[in-house]
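Going down the list, the sequences are from chains A and B. Position one of the first sequence corresponds to residue 406 (the numbering used here), numbered consecutively onward. Position one of the second sequence corresponds to residue 2 (the numbering used here), numbered consecutively onward.
Simulated from the structure, these hints should not be mistaken for laboratory data. Remember, predicted model here, so these are calculated numbers, not experimental data. We put the beta carbon where it would ideally sit given N, CA and C, even for glycine. Relax, there's no trap hidden among the hints.
Some chain B residues close to chain A (C-beta under 8 angstroms, calculated; not the full set):
hint, residue
1, Ile96
2, Gln97
3, Pro118
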Amino acid sequence: MNGYQGRLLTVDLTTGRIETLPLDLALLRRYLGGSALSAALLYPRLTRGLDPLGPENPLLILNGPLSGTAGPSVGRFTVCAKSPATGLWAESNCGGFFGPELRFAGYDGLLITGKAPTPAYLWIHHDHVEIRPAHHLWGQADTYLTQEKIRAEAGEKLARVLCIGVGGESLIPYSLLLCDHGRVAGRTGMGAVMGSKHLKAVAVRGAPGERKIPLAREAEFNRLRSGANLELRNSTTSTVLRETGSSGGAEFFDFMGEMPKRYFTSGVFEGAGRVSGASMAETILSGVSTCHACVIACGRKVKLPGEAEGKGPEYETIVGFGPQLLVDDLAAITRLGRLCDAYGLDTISMSNVIGLAYLLYSEGKVTAAEAGGPLEWGDPSAAERLIHLTLRREGLGEILAQGARALGRHCRAEEEAVQVNNLEVAYHDPRASSGMALVYATSPRGACHNQSDYFMVDLWKDTNYANGELQDPRAGAEKAANVALHQDWRTVHNALVQCFFASVPLATTLSLVNAATGFDYSLDELREVGERAWNLKRAINNRLGLTRANDTLPKALLTPYAEGGSAGLVPDFPAMLSAYYAARGWDEATGRPTRATLLRLGLGDVADDISKIPPQTGWRTD
Amino acid sequence: MATPFPSDVWIKALKDRLNNSAAYAQAAKNWEGDLYFQVDYADRAPALLYVDLWHGQCRDAYAVAGTETAQKAAFRLSATMENFSKVLKSELDPIQAMVTGKIRVQGNMVMMMKNIPAVLEFVRTAQQIETEFLV
Chain A
406 MNGYQGRLLT
416 VDLTTGRIET
426 LPLDLALLRR
436 YLGGSALSAA
446 LLYPRLTRGL
456 DPLGPENPLL
466 ILNGPLSGTA
476 GPSVGRFTVC
486 AKSPATGLWA
496 ESNCGGFFGP
506 ELRFAGYDGL
516 LITGKAPTPA
526 YLWIHHDHVE
536 IRPAHHLWGQ
546 ADTYLTQEKI
556 RAEAGEKLAR
566 VLCIGVGGES
576 LIPYSLLLCD
586 HGRVAGRTGM
596 GAVMGSKHLK
606 AVAVRGAPGE
616 RKIPLAREAE
626 FNRLRSGANL
636 ELRNSTTSTV
646 LRETGSSGGA
656 EFFDFMGEMP
666 KRYFTSGVFE
676 GAGRVSGASM
686 AETILSGVST
696 CHACVIACGR
706 KVKLPGEAEG
716 KGPEYETIVG
726 FGPQLLVDDL
736 AAITRLGRLC
746 DAYGLDTISM
756 SNVIGLAYLL
766 YSEGKVTAAE
776 AGGPLEWGDP
786 SAAERLIHLT
796 LRREGLGEIL
806 AQGARALGRH
816 CRAEEEAVQV
826 NNLEVAYHDP
836 RASSGMALVY
846 ATSPRGACHN
856 QSDYFMVDLW
866 KDTNYANGEL
876 QDPRAGAEKA
886 ANVALHQDWR
896 TVHNALVQCF
906 FASVPLATTL
916 SLVNAATGFD
926 YSLDELREVG
936 ERAWNLKRAI
946 NNRLGLTRAN
956 DTLPKALLTP
966 YAEGGSAGLV
976 PDFPAMLSAY
986 YAARGWDEAT
996 GRPTRATLLR
1006 LGLGDVADDI
1016 SKIPPQTGWR
1026 TD
Chain B
2 MATPFPSDVW
12 IKALKDRLNN
22 SAAYAQAAKN
32 WEGDLYFQVD
42 YADRAPALLY
52 VDLWHGQCRD
62 AYAVAGTETA
72 QKAAFRLSAT
82 MENFSKVLKS
92 ELDPIQAMVT
102 GKIRVQGNMV
112 MMMKNIPAVL
122 EFVRTAQQIE
132 TEFLV
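The following block holds chain B by itself, in its conformation from the complex (with noise of 0.2 angstroms):
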């Protein structure tokens, strides 16, 4: 059964396969931050998601209720929710994403040049969830 995107139970699902992943925990062994997934619409506000990641694992992950308390992450990644699909979908290259604007990338990018693969072994995790993609 497909899992709603953007959803608690989506990013919760995300947190259960990262942490069951053998490649993930090597891949980003030394990543240290969290991030919102940030869905942006045109009538309405943004939806976030949100995981803490930390050495290879991901220690929470949550569907934020507003904008308004959601706490400061060390990333942002802004993208409509056509483009988050077509990621999440295989339909559009990660790094093409990210280098052609179509998923925004607010942080410390000196962090996320070091850590490559595991920004990749994230996405390649994201992509095994059976997804529908809520309009």
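Pulled out of the complex, with its shape left as it was, chain A reads as follows (with noise of 0.2 angstroms):
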């Protein structure tokens, strides 16, 4: 099957049971891979009374169709649930090279169900597969050494492992999944899945000899990819991220008033220069690091005074335990941030409840008592002590474990959580972007700068997915046709897996699926992947309950800063939304796509399923 190995492998923890499951071609050429295809072979099982932390909830780990070849930054796979964090979708990538991995070995991806009576691991050496105890690991509070010992356990020094930490085993809902050199699937709480599951961690390795992808038209394929590399890896966005890293546009998004700071209150922080790619790489940076086969290589390695040389972070870890909490110690920074990675919690949520916690104790509604004393702005070490309160859930930890939106209700300021359906947002604002505004509120994950970075549109300029129109940052509803088409380009993206840092052009990336596939889609076919995988998401969270009501931004965002280079702007966001609504094809009322909408999509079958659903009054996760 071009482009694919053409099955899963399928694990079922509580039995025991391990087959394969072929993936139908005709599936395949409706959603492609990745987060797109999951939620076509998850649809069925992901229900409303589903636990997400229950041993039915299905965790899927799935690659696309250049997943394993030396495509432009194709390296990603996707893990996708019903989220602990939000109760809706879940999906999250990674890079690194478990995903190319999992493909030399013979599978698309795998499923897993059930849960392991006891702690246990999973071991994939080509066509042989093993659940083996994990007694020993659990408990393991560091995730590179839980690879380190399971790789020697393997005899398989260059085994690829995707495991959780102590924060996965503890049910923590912005719990994530790590492997290889700090890669993570760090959004909606799929390391708590996986712990749910008593899964330490998966471990693959692909035999010898059989490290290549069956490729409709190899030569083709091979020419396009040398090409698309070259032009890739000299374009000017690529030099800035192998320079700098993702936050070498920190002082740009700074300048532009687009990085939030002190917990989304404040339009400027004098030492958020400091905290940068750029500074990173005139201080601490030792060396950088790929994902597979990328050209890009946009990871950072660094080396702090007396200390082992190890990840350095990216542009999320960066603002989230520096400008939000005002901290311009780049190196208290990444001690926080490889401290959430050896725990396995995502620092974007992780950092966020840290946030809110700094505010609320400034505001008098968080005391030193049961904060284990003061969280003052600009002191990482306060922080530190609440990402170990949190993971012992001791006193205020308990609630912290549980995001911003329950610790804000715990103080009663709810409302002073920064957060959509349940998951904390991004460090993208939308009062400086305003199309982030709608990417926020309608992302079938909750606020999500994955599902379309659109602030590399509004301010970075790049418009290759986004119909080439330059429009301002700050417009308003006339920007909402855009938005969704950039949605729909990245869900292909999402689909594929590849890596939103290699701005590829659209024609080249639709040669590279067609050499893979031979599915020979016209662009616009190709478009429609995503919009119809867009379509399909929010018709599973319709169905687990979640309205108009939900497509919504915290108080935060809309209220305008006082200085920055953003100042005194916040979206026109109702009208936004109404406009996004009409561009989507989507109902006003119940916030569902319409009959029209879904039949144009081929999606009749689920247009039958939702018209069942009565009316919602509203969603929370609790």
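Reconstruct the complex from the two isolated chains, following the hints.
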């Protein structure tokens, strides 16, 4: 099957049953792979009554059709389930080398169900698949050491290990999966889902000599990917990413007022420039790292005085533990990021929760007694203390472990929690890039910048996936259709699963997909794969209880800054949302795709299903 | 009267404007580095303009007679006349021009990313020159 190994590995941890499941070619053509195909495969299983931390919640790890090839930055894989954080559709994708290795072992993906009676890990060595005990790993704090121990046990130095930390074992709803040199599937709590199954890790090694993916037109593909990689490697954006990492744009985003500070309440922080990727390059940077076959190399290696070389923080971690807490100490930020990685916690959510705690402390709504000490802006040691409290679920840590909204509610200040549908907001402020207002409000997994990085259109002016048209970064309803288009294309990238940093011309992407799969899509047919999946995920969420009332923004993001590059500005959100619904073909009253929209996308059965849902009056995870 | 681009008189006009701009002096207070504008042609050798920028001031500016004698500079911005003219006429966003490769940037990207406000103010100052584009 061109572009695919053509089968999933399925593992039921309750019964120990291990099987393979063939993939249907027609389904692949409609959804390609990644989170799009995951939505189609999981659709029947994701019901409103399904407990995200119960054994029935399916955990699906899935590649795309280019994974394992040397195509431009296509080595990522996706992890999907019902989210314990949001109660909605969950997806989180991850780089490194694990995904391609799973393909080299002969599987496009891995579907895990059930719950092991005792802690276990899965060892996949080509056709040999084994559930192994993990008592000795459970409670192991360091996700890196977990990888090393499993590799040693397997006797395969090059085995790739995807594992959870104590955060996942403790079922923290923002715990993550980590592999390789600190590549993570961070958002929506996939670590907790894996932990709920008593599954510590999945380790995989393909057999030697079988490390090729079948391609429809291999020579054409190789010619195309060589050209695409050369162009990508030499592009300005790639050069910036290689030299300064994902936080290379920090000064720029700060200048534009797009980087939030002091937990989304301030537009200025004098120390922001001291914690950027450029500052990192001038101070502690010791090397770079890559994912499989990637020519960009955005990963950072840093060396702190007296410590071993290790992973350097990326943009979200820097902003979350830096300007959001008014911390300007890059070494301290690096250590906080590493602590979260070791424990298996998502740095975006964890730093959001801590930022809210600092804010509430400054307002007298959290006391030093319950926080184990003062929470002063600019003090990174207090953040470290809160991470430990969270892991132990000790005192206030029990509340922190439930997320920002829970903390806000605990302090009778729920409206101060900056989240959408219980997923804490990433650090790209819609007060500077209005497109992000729609992105956060309508993302199928809660407030997320990886369903559409529209700030790259609004501010970085990359219109490759947005109609080639530049609009005012602060424009309103007139932007809605372009945001929807960008989401469609980014859903295609999340199907491939291709890194957003690889800004490859659409025509090239189309040619690569067609040469790999032989599907010979037109450009619009390829885009429609994205639109179809976007609407299917919406329908999944509708079935889980989501309505138009969920398409909201937190109060802070609709409150103008007094100073900074976006001072005085807020997105015209109600008008934008209505225009977006019109562009999408969604019903204003119910928040669901209309029957006509679903029929146009070949989703007639889904239209029948959601027509049977009684009108909802609102939704909360609790 | 319009000033021809690329030319010695144009780059010296830019020097004067930069040195009289409080906004540029503030935005570029940390900038250290000289640069070439390289205008690429299909049918002849490129034209080079040199500016030496230092902490918000332009210390030197001149048109280079030939590429052979050009000294090494911290940055080189290369583009066709069409793309330079679009940026200088505000028809093409300078960030977009760099991101899309319509203006190619060679040099220290760490320095560039730390000083994006200086880059934008530099372009804004250049756009204020009434320019005649030589073909």
